[in-house]
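Construct all of the structure, not just a fragment, from the sequences and the given hints.
Take -3 as the starting number for the sequence shown in the working numbering and just add one per residue.
Among these hints, one or two may not hold up.
What the hints assert, rightly or not - Capping the alpha-carbon separation at 25 Å, the derived lysine-lysine pairs in BS3-like fashion look like this:
#1 Lys88 <-> Lys159
#2 Lys46 <-> Lys142
#3 Lys35 <-> Lys24
Claimed, not checked - Simulated restraints on C-beta separations:
#4 Leu22 <-> Val216: 19 to 29 Å
#5 Arg223 <-> Ala75: 31 to 41 Å
#6 Asp27 <-> Arg281: 26 to 36 Å
#7 Lys32 <-> Leu195: 19 to 29 Å
#8 Asp27 <-> Arg158: 43 to 53 Å
#9 Gly50 <-> Lys24: 16 to 26 Å
#10 Lys239 <-> Arg55: 21 to 31 Å
#11 Glu12 <-> Val108: 19 to 29 Å
#12 Val224 <-> Arg281: 15 to 25 Å
#13 Leu254 <-> Lys46: 15 to 25 Å
#14 Arg215 <-> Ser189: 10 to 20 Å
Keep in mind that the hints were calculated from the coordinates and are not lab data. The beta-carbon is built from N, C-alpha and C at its ideal position, and this holds for glycine as well.
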Amino acid sequence: MHDIWNPWHGCVKCSEGCDHCYMYFLDKCRDQDGSKIYKTKTGFRKPIQKDRKGRYKIRSGETVRVCMTSDFFLEEADAWRGEAWNMMRLRKDVIFFLLTKRPQRVRECLPVDWGNGWENVFFNVTCENQRRADERIPILLKLPFKHKGIMCAPFIGPVSIRKYLGDGQIERVKCGGENYDGARPCHFDWVKSLRQECLDYNVTFCFIETGTVFVKDGRVYRMPDKRVQSRMAYKSGVSFQGKPMEFVLYDDWGYPLLPEQRYVPYFGRQCETCGRQMVCNGCSRCGNCEK
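Next comes the structure, spelled out in C-alpha cells:
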C-alpha cells in the first residue's frame, strides 16, 4: 500500500492483542518467521526516495502509517530509530502516523530536539481491551506530542475511555475487529458504546472494519473477506467526524504549506463504501477496481 512505511519488520508479542497477530500470520503464509526482526532494505528510506524527476515519491500533505509490520518503539530497533527520526524531521511536509503497544519506552526514545513534539507526528496507542486502555492511555496523556489518538484494534473486549477524553488531548479514535488465524469476536455493542463516548466529547470516531467474527443483535457473522468487513463497517453509519485535526506542515524552505500545496486523496469506485475512507490516504490507482 502506498501509505505505509515499514523501516523494519518483525516484532515481539507483548499483550493480548498480539496473540493472533496478522503480521505473524501473513509471514507464516510466506514461510517466514514474524519474530525475526530486521531493518528493511528497499523500504527503509521510503520518505526521502525520489522519482526520476527528482521529486519526492511521498507527496506533501500525505499521511504515512509507520511500522505496520512491527512497533516503532521496539527495543530491538533502537539502533535504527535515530535515522528514521531524521527522515521525519526532514519531511516536515508529511504526516507520520505512529502506533505503539509500548508507550512506556517512548520518552527515552525521542530525539534530543523533540521539545513539546513535532507538528507532523500523530502518536497513537493500541487499546485492545480495558486493561490495556487503563495501562497505556495515562502514559499517552503525559507524553509530549502535538497530536494524540487511540486505536482499539484488534477490538477484543469492551473499552471505556470517557475519563480520558475530558482534557481534549485525544483527537481521534479508531476501532476494528480481529482478522485471520484465531480471530476473536468483535461485538457491535462495544463499538456503539465507544462511539457514544467520542460523540459526547466531539472526538472523531472511525469504525474501520468488523473483523472476521462480528456479533450484532445476538447473531454471529463470519466475514473472512476484509473488503466485506470494511463495507459493513461503513454501512453501520457509526463513524463520524468530530473536531477537525489541524496539522501545520512546512515546505523545504520552512514556510507553512498552503492548502493548494497539499496532497488531495483520490478515492476510486470501491472506496465509496469503505469504512477506512475518512482516515485513509486514498487509492493508489492500481487499476484493480476496474478489472
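Evaluated hints:
1. Lys88 <-> Lys159: violated, 33 Å
2. Lys46 <-> Lys142: violated, 28 Å
3. Lys35 <-> Lys24: holds, 19 Å
4. Leu22 <-> Val216: 19 to 29 Å: At 25 Å between Cβs, range holds.
5. Arg223 <-> Ala75: 31 to 41 Å: holds, 38 Å
6. Asp27 <-> Arg281: 26 to 36 Å: For Asp27 and Arg281 the Cβ distance comes to about 31 Å; the hint holds.
7. Lys32 <-> Leu195: 19 to 29 Å: Check failed, 43 Å falls outside 19 to 29 Å.
8. Asp27 <-> Arg158: 43 to 53 Å: With Cβ atoms ~45 Å apart, the hint holds.
9. Gly50 <-> Lys24: 16 to 26 Å: Given about 40 Å between the Cβ atoms, the range is violated.
10. Lys239 <-> Arg55: 21 to 31 Å: holds, 26 Å
11. Glu12 <-> Val108: 19 to 29 Å: violated, 35 Å
12. Val224 <-> Arg281: 15 to 25 Å: For Arg281 against Val224, whose Cβ atoms are near 22 Å apart, the range 15 to 25 Å holds.
13. Leu254 <-> Lys46: 15 to 25 Å: With Cβ atoms ~22 Å apart, the hint holds.
14. Arg215 <-> Ser189: 10 to 20 Å: Between Arg215 and Ser189, where Cβ atoms are some 18 Å apart, the hint holds.
The structure is inconsistent with the numbered hints 1, 2, 7, 9 and 11, although it conforms to all the rest.
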